[in-house]
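Novice: With the hints as extra help, turn the sequences into a complete structure.
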Amino acid sequence: MTTAATTAPERRRRRLSGSNFALGAIGLFSIGALLEILPRIGVMDRRFFPPSSEILTMLLRQLGEPGFWTAVGQTMRGWAIGLTIAMVAGVLAGVVIGSIPVLREFTASTIEFLRPIPSVALIPLVVLLYGTKIQSALILIVYAAFWQILVQVLYGVADVDPVVRDTARSYRFSRWTQFKQVVWPTALPYVVTGFRLAAAVALILEVTAELVIGVPGLGRNLGIAQSSGAVTLTYALVVAIGIIGIIINLFARYIERRVLRWHPSVRRDVAA
Amino acid sequence: MSIDTTPAPRERIDTTTPALDVRGLKKVYTGHGRDVEAVRNLTFTIRSGELVCIVGPSGAGKTTLLRCISGLLDVTDGEVVLDGKKVTEPPPGMAVVFQEYGRSLFPWLTVRQNIELPLKEKGLKKAERAEKVQTAIDAVGLTDSADAHPWQLSGGMQQRVAIARAVAYEPSVLLMDEPFAAVDAQTRADLEDLVRDLWHKFKVTVLFVTHDIDEAVYLGERVLVLSHRPTVILEDVKITLPDERSQLETRSTKEFADLRHHVYEQIQKAKQGFRPDGDTA
Amino acid sequence: MNLSSLARQLLLAIALPIVLLVLWWFISANNTSPFWPSLETIFKAFPTTWTADRIMADIMPSLARLALGYGLALIIGVALGTLIGLNRTVRALLEPALEFLRAIPPPVLVPIIALFVGYSGWTGKIAAIALGCLWPILLNTVEGVRGLDEVLVDTSRTYRFRKPTYFYQVVLRGSSPQVATGARQALSLGVIMMVISELFAADNGLGAAIVQAQRSFAIPQMWTGIILLGVIGFLLSVIFRVVEHRALAWYRGLRQSERGS
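Residue numbers (the numbering used here), protein chains in the order written: chain H, 2 to 273; chain B, 2 to 282; chain D, 97 to 357.
Treat the hints with care, since some could be wrong.
On the chain B side, residues computed to face chain D include the following (Cβ under 7 Å) [said to hold, decoys possible]:
1. 45
2. 104
3. 105
4. 108
5. 154
Read the hints as simulated data drawn from the structure, not as lab findings.
Ideal Cβ positions, reconstructed from N, Cα and C, are used throughout, including at glycine.
Specialist: Here it is in structure tokens:
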């Protein structure tokens, strides 16, 4: 290949990625400015859509209130506990089912049936069982996140190279060594992908439980703000929840990079 | 991508009319505060019905040149004229066969559909399309695979599909960008003969770009030797081999060896940075 | 595949579900907890709960709203995603904003939409479903369009494809595997949004029906609703898979041939 033809686009790409950040900032700022001006000049109804500066001011004021931080803590706690339970259960079940062919064959149809059941269908049941206690949120989170992780782990365990597996067996590795040296390293990228998907799903269900059932947290505050007509606060809380979503996303990607730093392959998400 | 329904002229009896005229072509990539001159002052003409090979050392800007000629890339200076019209965008009378055969075919279409789609875009009627597609498929030996998808075929077969698509399009000039660089040697020899064969059968004008000296000499009527970057033409070599060529016979003749030797020398000089008189890199 | 292996597969597929159902049946049979009625009671409640009238009054509106919202999200998401994906500058400008919108858990949109149109009525519910489904479709479309093969684009340029052909044959079909990934994520979000949007107003729809049953302590009826929702979720994913399987047969073949070589 001629070098001129390949280096020129590369240069262009590098220059762009440098300015991408600036462009993105300009984009965010412009949208913010638009959401400031439109309500002020009356194109958007101020009663339903306050100018962005008012939302931002409200958010900053919230940051100084202990009650806000309590709610953030409650939301994060539910998310973290639910996600942890789902992770442990999903990985354990995935490894066990994945490593035993008979088990995999027998459970496949059941998993395929249970997985797409929307966990929000369980809302009335958990309300009866636990009311507004944190358990209500946890059940919804664990149900939704568990399948994401389980399916990824199953893909991962199935991805083990048969030649490598046979080699390990022919050297009479113990079951534990086989798992540690062969199965786990292969499955790890999938486990991490499952973690990233589950982290996002867990936040969705935590907020849903707060909003719909009234489990304490930012979502409940949001619902109260909305129903009491505190429009600016409603938007400020939506922005706050969005920021938490971004932080969780960045956190999951950071974990992914950390865990897979040594891993030779960069894997794409398995269609789940 | 505008619609231009003027049909490309199909008369090829008169081999003195220029099909493609490249005059003073220059391409400079403007980068981040640094300009890179890829092609400098290239001039050559291809007459209707010719089969011309362009050969140059790696880094000679072959792909840049080809993208300029096909209208995919803007030129910095000079002009490319196809059928008497200046090229500013991909012109109607041109078809290109890319090196990356697997990526130039539409994986969601069958072989037949891949060949037919450009004809549809040209505005041909259904019956006419079907006939041209079938002729092209038969000519490249894909009769049995016409309804397969490209990814079901081997690399060499996929490149045959791309060639059939280009031939069925009936271009004034067929550009081929190192089309056989990614196939194995045996397939490559077969495909070289296929190109000669189609050139005879369909009387297409072919501009064939390659880095392979043997391939250039074996295929071409003329071989244009490129210099190192910034690219100019070092020499226009006339290939005096007989019209009927065969892998076994032709390649073992003394004439072939001499021509090969000559072009090889030129390429070596090009690699060492030799430039024609009065030109400095 | 011969008959005996087919029979074996069928047996494998239904064995565990049958075992689970039987277990549920017997364990719940003598249960005294009001929240866990026996499976027999739940089954018996089905015909009286889900009469033809109720199907028309609750299930149909839910599914219609889901279809409308999901369809809207597909059309808008693919159209906007294509426009954004084709233009580098627009993409760089909007990407952070879109990532932020995607990071907002969709259920919080429900109270926001209610500010404008209230909780009851179709508009708010459809808007909630559409907005919930939009971002995964849009962002995956952007990715798909961005990842279009340059050689394929060059090919369509040299053959002078007309704009509509280019959009359909190259852009749309070329990005369809990524669009499908987004659409799959969006479908499960869509079902969640369908249920949640009905829980607030509790006027009609499946979500409203189960929450009403719960509030009036009609526990077996509530359970039939939960099971029905589960079945609907399952069926929707089956339909999605069949459609995807057919539409993207070429993609599976391509991937397989790439892996083989």
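Novice: Does the CB of residue 105/B sit less than 7 Å away from some CB of chain D?
Specialist: Interface hint status for residue 105/B: holds (5 Å vs cutoff 7 Å).
Novice: The hint names residue 104/B as touching chain D; please verify it with the least Cβ-Cβ distance against 7 Å.
Specialist: With a minimum Cβ separation of about 4 Å from chain D (threshold 7 Å), the hint on residue 104/B holds.
Novice: Classify the hint on residue 45/B as holds or violated, based on whether any CB of chain D lies nearer than 7 Å to its CB.
Specialist: Violated: closest Cβ of chain D sits about 20 Å from residue 45/B, beyond 7 Å.
Novice: Do the numbers back the hint for residue 108/B, that is, is its least Cβ distance to chain D under 7 Å?
Specialist: With a minimum Cβ separation of about 5 Å from chain D (threshold 7 Å), the hint on residue 108/B holds.
Novice: Hold the hint about residue 154/B up to the distance rule: shortest CB distance to chain D must be less than 7 Å.
Specialist: violated (9 Å)
Hints 1, 5, counting from the list given before, are not met by this structure.
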